[in-house]
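Student: Based on the hints, put chains B, C and D in the right spot on chain A.
Residue strings, one per chain:
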Amino acid sequence: METTVVEGERKDFEPVTINILINKDEQSTISALVFDLEDIKKLRQIGICGILTGTLPSASQQNTFLSIPLRLMVEEVLWLHFNGYCHLRPLNGPISQNVVDTIKTRAEDLYTTSIARIEFLYELQRQYKREEHLKKLEKLGLLNKNVKEGQEDNLNSKLLESSLFVQTSNASSILQDFSMQLDDKFIINWLISNSSSWNNYLLFKSLKDQKYILAPGSRFGGKFIAYPGDPLRYHSHLTVQNAIDYYNEPIDMLSLIRGSRLGTTVKKLWVVGGVKGDIEEEPSTEVDSTSKEKNGRVSFFSIEWAAFG
Amino acid sequence: MAKGSRQYSLRYKYPLPIHPIDDLPPLILHNPISWAYWIYKYIRSSNNVKDKIHVDIIGNRYPRILVKDDVQMLYLWDNGFFGTGQLSRSEPTWKSRTEARLDADDSIAADKSQLTLEKVTQRRRLQRLEFKKMREQLENQLLQLRRSGGSKEQEYALLEREREALRDFKAQQSFHDELDNVATDEGQINGGENEISVREEDSELIDGNGNIKQLEALELMPVEAIFLTFALPVLDIDMSSLFTRLHAYSSGDIEYKNIHNLMIQYVSYHHYRSHGWCVRSGIKFGCDYLLYKRGPPFQHAEFCIVTMDAHTTKDYTWYSSIARVCGGARKTLVLCYVERLISEEKVMALLNKRDYAGIFSSYKINEVTYKRWVPGKNRD
Amino acid sequence: MKGTANPQKVKDEAIDSDLDDDEIVQDWSEVAKLAHTNNAAALIPKRGEKDYEPDGTDIQKLLLHQAQKAMFDTLSHSIAGSVLKSLVKAYYIPDNHNALLPHPKGNFMQTMGRMNSNGQFTLSFHEFVYLAERGTVSPYILVPNSDGSKKLEIPLSIQDLYALFKSQQDLDKFAIYAQLKRLGFIVMETKDNSYDKSSIYPPTLSHNKILRFNSTYQSIIAPFKIWRTSLFNHLVYNSLGLLTSKYTTSPQIYETLNKLVPYTKAPKTLEELRISRFNVLQSTTTNNTNLLSLTFNVWKPQTNFKKKSPGLPDYQVAVYNKNDNNVKFPTYKDFQNIFNNLDYKFEFLNYSRQDEISWEDVSFTNGVPTNTYLSNLKSKAQQKKSSDNDNNTKKKKKRALKTFPPHVQQLRRLKAGYRSFLLAIMDDGIISFVKIAEEDFGSENVWYVPTATTNNINSRASNKIKNNNHGNGDRKTRTTIVEKSKI
Amino acid sequence: MSAVYNRSEIEELVRNNLLQFHLWTEVTVATETLSWKESNIRLLTGRPPHKLSNDDEDVMTEYVLPVEMSQYKTSYLTLEFLDKIFDNLCPENTKRLTLAIINDDGTTVFYFVYKGIHKPKKN
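Chains as they are written, first to last, in the UniProt record's numbering: chain A, 1 to 309; chain B, 1 to 380; chain C, 1 to 487; chain D, 1 to 123.
Next comes chain A alone, as it looks inside the complex (with noise of 0.2 angstroms):
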């Protein structure tokens, strides 16, 4: 498995941001999304591989390749988070107002910055277009040491200037600096009050212990799907059913049937799992989640039809 990270690597890992848009103001779920390319290859390499959601420019007309952002499930935000992976940043709302806000209060600030970084990315262009232009030039021999300076410049300037490329950018200049009014163990806190369950993440966590990359499920009839490596390359192995009361839930057998029988047509078992403990109880906001953490211990079962009756 070539994701494996061992506790001392973490150190080398720059935690990356992950934005949560969180509006206090409406009971929602939450989503987080990472918008830094870079923090989405470094997010992969530890079997974080989340879902890309955002249009490809260059393949504008389908949904099978997508760009930024990055989605990831609650359960990968608090992995992340317990381990010391990410930061978050929250977009607490109302949102707009507060981006709003800060804008108009460092328009000035901004305004220069980003004439600075256009004109920047400008030059850079106007460097290139200039360079292969005349490799072009060369290559017909037609460059002499006159045109090579001033002239051609001039013929060419306003075909240049209106070919430059105005980039819009992914990562944002504006937020980098954006007050930060929530911590976050209170978003970690909504975070596991307002999706999905405690107990799910526990089978999250268990299943990344054990190597498995994880991904949304509910398309394939459960909370999560599991690879044994990066989905570009493997197919994944297991249906994970939502967590279930391990002492008081029954399996229920219509599902349990279902799912063998999807699970012999597409080779993935289906596998059904809860957490024993004493602590039985949702955590509040208040609970230590790390130490909660340790008191569960997950049982799963791996069910496929048994090939006859």
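These are calculated hints, taken from the structure and not from any lab test.
Glycine residues also receive a C-beta, built at the ideal position from the N, C-alpha and C atoms.
Errors might be hidden in some of the hints.
As the list claims (entries may be wrong) - Simulated pairs of lysine-lysine, DSSO-like, Cα-Cα distance not exceeding 30 angstroms:
#1 A:LYS104 to C:LYS85
#2 D:LYS115 to D:LYS73
#3 D:LYS73 to B:LYS346
#4 C:LYS415 to B:LYS284
#5 D:LYS84 to D:LYS121
#6 A:LYS276 to A:LYS205
#7 D:LYS121 to D:LYS95
#8 D:LYS122 to A:LYS267
#9 C:LYS308 to C:LYS435
#10 B:LYS353 to C:LYS246
#11 C:LYS191 to C:LYS435
#12 D:LYS95 to A:LYS211
#13 A:LYS267 to B:LYS284
#14 C:LYS328 to A:LYS276
#15 C:LYS61 to D:LYS122
#16 C:LYS300 to C:LYS166
#17 B:LYS284 to D:LYS73
Claimed, not checked - Here are some, though not all, of the chain A residues that point toward chain D, as calculated from beta-carbon distances under 7 angstroms:
#18 TYR246
#19 LYS268
#20 ALA307
Tutor: Quick look at chains B, C and D alone, frame taken from chain A:
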């Protein structure tokens, strides 16, 4: 049980085990005698089945409803495809399959060219088993005879029968030795259920007369049993005994929450049956029912039915896995939401009055189809 | 749509993978080639199937490295934006939560955007983000400088735009919007009032209006109340009443059986649709606060789309986030509420027709019949012509259901159902669609009638037996579906 | 003092099913019992007529747990129950348990249950 094609269409002539009166004489308008005869026949005739079908209900917390009589099993299958053979995929055919497997049917055995090496071996083993069994019986009888002080003549007769059995057995063995050669030459050895070698375990299949015992019963779903009791008077049990039996072993008195599931399952079953569908268990596809237009021998099921309380909401993964299974089998998934129109107390009151029709008509059917929708396939 | 790379191959693959989305094989080397960015990605050899599991071999590591590289190269080379000469600037207006385009240009204007009251071209927030992501417009915000003497133009990033979403729900809706838009669908929010809405329902469904349907009203209302009849029925419903009645045909037996269980009858004709809407409006008890609602109107991709008067949508979409603890998967009540609020091209109205229905003939726009509305439009002639053409091509393609044998029609009705909507499910970035359709098995009978009984005299001559001739096409025995007329 | 539900009927049913429908051999009801919520649970053991999975090396003895399922009653198969079965009724290192689900529609269906996470068949 080979069926000719004509027999086949006659066999499933009736869609329900209650038949219409369809043997009335022709009515000739200008002949009053024909009228009289017709009226006589009409009065004498009845829709009822001649003998109600006997059911045994076994099990405790999970009752199971069985029909054990061969003729009655077949009747329920042929007239509306009710029940499932416990040792078969649907129609109870275990006995005939097993007879074929063990070559107990002489007409099949006589066809030498059909025999395979394994079958010969099987049958030899089986016959040895049969012989051993018979000898054991005769020996027991002899023992009984001696204990009860029977005559020498009687004892002699028994011994003679044993010798005769031995002679028969030997003769069969040499006959099969010849067949062995035939089969070996042909060298045909097939897999599959019918080709499994006879096992020691098969000895328990043979009864005292050397025939194969019927181990299979036809099992009715609880809703089928209710239908064949409440809606159609077919089974030899009355509704309240059946209903009580289905809920025996519930702790204490029957509470509404204990009967709710059966109520909505039955209402849904009755709904589809009463509009002409052949409704069978959908467990193979992880749903409640499969709907056949006429019955399994005629076409595949087109619909999967999932029955649920109208207020039910489940995790999305639940719906999506059902939809994938049904979609994979090219069947349309119908979510049948059953809505209770009266209070729980009223249902219980009706139950106390044994007013089952009152109960069942107090639930309403609401249906939706649920289909995965692929944007790319629905653009024009 | 504007012509960025639009390779048929990627499109086809996208569609195929939707067909069986079990394991979307994301071969980024394919899309990398198309992204007209020269780079190593394009040189990656076409790789085979996915492997079962990592086995520690170098070749596997290499293949994984290449696959990841192809993906990340594509992502880093595929940037949103446009060259200066075709730059379309879009300015975010915080107060309106939309974007203003002083110099709009591009094909997108056919299906997106609208003029505000000042005659300025604006994009809704979803349109704005969608077009910025694909590089069709460039997002900016205008803010005053410190002394307020002039406005400064600050470029926004994609990340900034996402920070401007009003809520999580809004972000989910956008994701679904974008998913449909990328495939060419035309999508408008139901709450968008910038275009003339068409409706299948007359503008004021007053009691007076409904009286016009009075003749049919009673006969249609009756089945909706069927359960009451049934409650009465059960008094005589006693184990088929074999003691008191005799049945000479199987249909008689079935007809007795199917009186027991009441069912919801789906509206099947235009009149029934309108009457059911009337009934819904009459019963004002529905508490809509927590119910699922319709978010989008969707039209299939088309070239002659009229933004101002799009007519009835082809689909209507509701959005559901499955990981939101505070929302449950819809119950039947939620479905029913949606069905009652649907207003689109109800395709089932064609079931009983030989030809395709003309939606202009049966709908209303801006309070008048759509045909009248269209003839009032300046572009009337053109409009009529193009929509006629559209209809003609459709007619050629589709064979009317009515021309099929009755048993085939019946099966198709049952499989497709009646009023329907699309439920879009968001699962942490993965979107699936489900079509939920109202179904009505209670109105269809499929029982098998042996031919042997046809000579017999019906003992219940008073029963009007209407032979609908729904043969089931069985090879050996003709099946007839007999439906007793409801009284 | 609560009633102990008799499971011999379903044990016999599953035995017949394995023996006479699926033609297993050496099918017997095991002697070890687990007392579980008013029932005494016993497994069946037996040998199928051929390998049940390509991943198996050869025909092996299977451990079969009969459980009931109904149209209208909830199941009693909890995770705790399965753990207890593995811990108390299966020999150590048992690869898998075969679940025999006896439905009240007359069918008995069989599923493999592996403790923990297991990989799917390669072929």
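Student: For the restraint on A:LYS268, tell me whether the closest CB of chain D is nearer than 7 angstroms.
Tutor: holds (6 angstroms)
Student: Are the Cα positions of D:LYS73 and B:LYS346 separated by 30 angstroms at most?
Tutor: Holds, at about 22 angstroms.
Student: For the pair we were handed, C:LYS300 and C:LYS166, check the Cα-Cα distance against 30 angstroms.
Tutor: Given pair C:LYS300, C:LYS166 holds - Cα atoms ~28 angstroms apart, limit 30 angstroms.
Student: Measure nothing beyond the straight line between the CA atoms of A:LYS267 and B:LYS284; if it is 30 angstroms or shorter, mark the hint as holding.
Tutor: holds (18 angstroms)
Student: Is the hinted pair D:LYS121 and D:LYS95 satisfied, with a Cα-Cα distance of at most 30 angstroms?
Tutor: It holds: about 14 angstroms lies between the C-alpha atoms, which stays within 30 angstroms.
Student: Checking one constraint from the list: CA of B:LYS353 to CA of C:LYS246, max 30 angstroms. Satisfied?
Tutor: OK: B:LYS353 and C:LYS246 at ~27 angstroms, within 30 angstroms.
Student: Does C:LYS85 lie within 30 angstroms of A:LYS104 when you go C-alpha to C-alpha?
Tutor: holds (29 angstroms)
Student: Need the status of pair C:LYS308, C:LYS435: alpha-carbon distance at most 30 angstroms?
Tutor: Since the Cα atoms of C:LYS308 and C:LYS435 sit roughly 28 angstroms apart, the hinted pair holds (cutoff 30 angstroms).
Student: Would you check the hint for D:LYS122 and A:LYS267, treating anything up to 30 angstroms between C-alpha atoms as holding?
Tutor: The hint holds at about 8 angstroms.
Student: Sort out whether A:LYS276 lies within 30 angstroms of C:LYS328, counting only the CA atoms.
Tutor: Holds, because 26 angstroms separates the two Cα atoms, which is no more than 30 angstroms.
Student: Holds or violated: is there a CB of chain D closer than 7 angstroms to the CB of A:ALA307?
Tutor: Where the cut-off is 7 angstroms and the nearest Cβ of chain D is about 6 angstroms from A:ALA307, the hint holds.
Student: C:LYS191 and C:LYS435 were given as a pair; does the straight-line alpha-carbon distance stay at or below 30 angstroms?
Tutor: This hinted pair holds, its Cα atoms lying about 21 angstroms apart.
Violated hints are absent here; each numbered hint is respected by the structure.
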